[in-house]
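J.: Single-letter residue listing:
There are 2 protein chains.
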Amino acid sequence: MSQSEMPTARTRVVREPHRGVYDRETAYRILDEGFVCHVGFVVDGQPYVIPTSYGRSGDSLYIHGSAASRMLRHMREGLPVCITVTLLDGLVLARSVFNHSMNYRSVVVLGKATLVDEPKKKLEALRILSEHIIPGRWADARQPNERELKQTAVLRVPIEEFSAKVRTGPPIDDEEDYSFPTWAGVVPLELKAGEPIGDDRLAAAMEVPQYVISYRRTV
Amino acid sequence: MSQSEMPTARTRVVREPHRGVYDRETAYRILDEGFVCHVGFVVDGQPYVIPTSYGRSGDSLYIHGSAASRMLRHMREGLPVCITVTLLDGLVLARSVFNHSMNYRSVVVLGKATLVDEPKKKLEALRILSEHIIPGRWADARQPNERELKQTAVLRVPIEEFSAKVRTGPPIDDEEDYSFPTWAGVVPLELKAGEPIGDDRLAAAMEVPQYVISYRRTV
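So the sequence lines, in the order shown, correspond to chains A and B. For the first sequence, the residue numbers in our numbering are 1 to 219. For the second sequence, the residue numbers in our numbering are 1 to 219.
It is possible that part of the hints are untrue.
In this list, chains with the same sequence are indistinguishable; a pair is considered to hold if it fits within one copy or across any two.
Unchecked claim - SDA-like, lysine to any residue: derived pairs with alpha carbons at most 20 Å apart:
#1 K192 with I213
#2 K120 with R70
#3 K122 with S60
#4 K150 with D174
#5 K165 with S66
#6 K192 with S60
#7 K150 with S101
#8 K120 with D173
#9 K165 with A9
#10 K112 with W183
#11 K112 with A9
#12 K122 with S179
#13 K165 with S69
#14 K192 with D89
#15 K165 with F35
#16 K192 with I30
#17 K122 with P209
#18 K192 with N103
#19 K192 with Y215
#20 K121 with E148
#21 K112 with E160
#22 K121 with Q46
#23 K165 with R70
#24 K150 with D23
#25 K192 with E33
#26 K192 with R216
FYI, nobody ran anything at the bench for these hints, they're computed from the structure. Predicted model, so just to flag it, every value in this text is computed and none were measured.
Kindly generate the complete structure, drawing on both the sequences and the hints.
T.: Below, the structure written as structure tokens:
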């Protein structure tokens, strides 16, 4: 699907259409800052929404998990999925209850997941996932062996049908409410990394790597 | 559904069953710390996953939105939904790529949303939502008028069929990997509130309320 065909009827932002964003650059910036998505799939008419980590490379999203999980057992069959990534940036306090809001950036991708089965591609997808979550870690960890690769299922979802939704900035009140005597503004929110906690069984001389010390998601 | 009947086949944690938690107390603690959920619903066989705020009171979750939104247009018809809340607590770096994980707490609620239409109950649900997100704010803001209430749809989802999943603590490596020469441990993650940003049109004398200054989610 070419970009000029976006959005489709399924991905067009219905509510607050001015917040809808359909360019890949914006969507990819959001997808690259996040690393936990919520995957939706349907079993017997019932939707399930499961949080999981993901990685992006080009126009592909990769997710992984145990071949035994409910999600991966059903996705294998090529069921349609929805992958949603949400970054929360703040609470927006307006003068009126009605105009309260949140600052956020979200991306919704609709598609069909396919299994990445070829061993080299599977390993590469796992590397993409790992580097997406914490760049630099892959090369420092003990690499997957054949048994582990067999226990892991990797799925690719093409980023074809998608939309993003973005709200930034201060509250927008009705003009007549600006004189209402209450504080209004934004409480910024950010996912922040704390001090790394070394495992109890680390050798005393083991230094904390730079990619752990300087870990942050905002680019 | 009584608690002793939990989990159902649909909510039993399949992957890593030792991380499954089915008591209401744990689930409610997670639901009360979070305030953004991902709602899954199905239209024409396609799952959609939409982020939205929520509130909890007793055994009910409340979500709201414009009556015009895709989600609320379809939910009104009583379609089955899945509401998932995820709190991210850290990256877990193991010696092996395979044993990398995340610390998190999540709750999945399966149910049917019903419209809260009776004016008093609707207003009370909106108060619950507001107080869930930022306690203390409701009484300080300009209350909803009739026009605003009409534009807002409120849905109740009973917390009957649910499960939680929790991972805490250090990495768990295979015994033979503990000698692998790499750093291992946890990078804690937390959603933190920054300095409140007052709206440009605030009166100079307007003080920042205590519930804004001291805003935090962890209990």
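J.: Up to 20 Å between alpha-carbons, please classify K112 paired with A9: within, between, both or neither.
T.: within (17 Å within a copy, 25 Å between copies)
J.: Between the shortest in-copy and the shortest cross-copy C-alpha distance, which are at most 20 Å for K121 and Q46: within, between, both, or neither?
T.: Neither, since 32 Å and 28 Å both go past 20 Å.
J.: Given identical chains, is K120 near R70, meaning Cα to Cα at most 20 Å, within a copy, between copies, both, or neither?
T.: neither (25 Å within a copy, 41 Å between copies)
J.: Which holds for K122 with S60 at a C-alpha limit of 20 Å: within a copy, between copies, both or neither?
T.: Within one copy only: 13 Å inside, 42 Å across.
J.: At most 20 Å between alpha carbons: which applies to K192 and N103, within, between, both or neither?
T.: both (17 Å within a copy, 14 Å between copies)
J.: Is it within a copy, between copies, both, or neither that the alpha carbon of K112 lies no farther than 20 Å from that of W183?
T.: neither (46 Å within a copy, 37 Å between copies)
J.: Within, between, both or neither: how does the pair K192, R216 come out at a Cα-Cα threshold of 20 Å?
T.: both (7 Å within a copy, 13 Å between copies)
J.: Classify it for me, K120 with D173: is the Cα-Cα distance of at most 20 Å met within a copy, between copies, both or neither?
T.: neither (55 Å within a copy, 24 Å between copies)
J.: Within a copy, between copies, both or neither: where do K192 and D89 come within 20 Å Cα-Cα?
T.: both (12 Å within a copy, 10 Å between copies)
J.: Go through the copies and call it for K121 and E148: within, between, both or neither, with a Cα cutoff of 20 Å.
T.: For K121 and E148, the Cα distance is within 20 Å only inside one copy (15 Å; across copies 53 Å).
J.: Evaluate K192 and I213 at a C-alpha cut-off of 20 Å and name the case that applies: within, between, both or neither.
T.: both (12 Å within a copy, 18 Å between copies)
J.: Regarding K165 and A9, is the shortest C-alpha distance of 20 Å or less found within a copy, between copies, in both, or in neither?
T.: within (15 Å within a copy, 35 Å between copies)
Figure legend: structure checked against the earlier numbered hints; hints not met, in rising order: 2, 6, 8, 10, 12, 17, 22 and 24.
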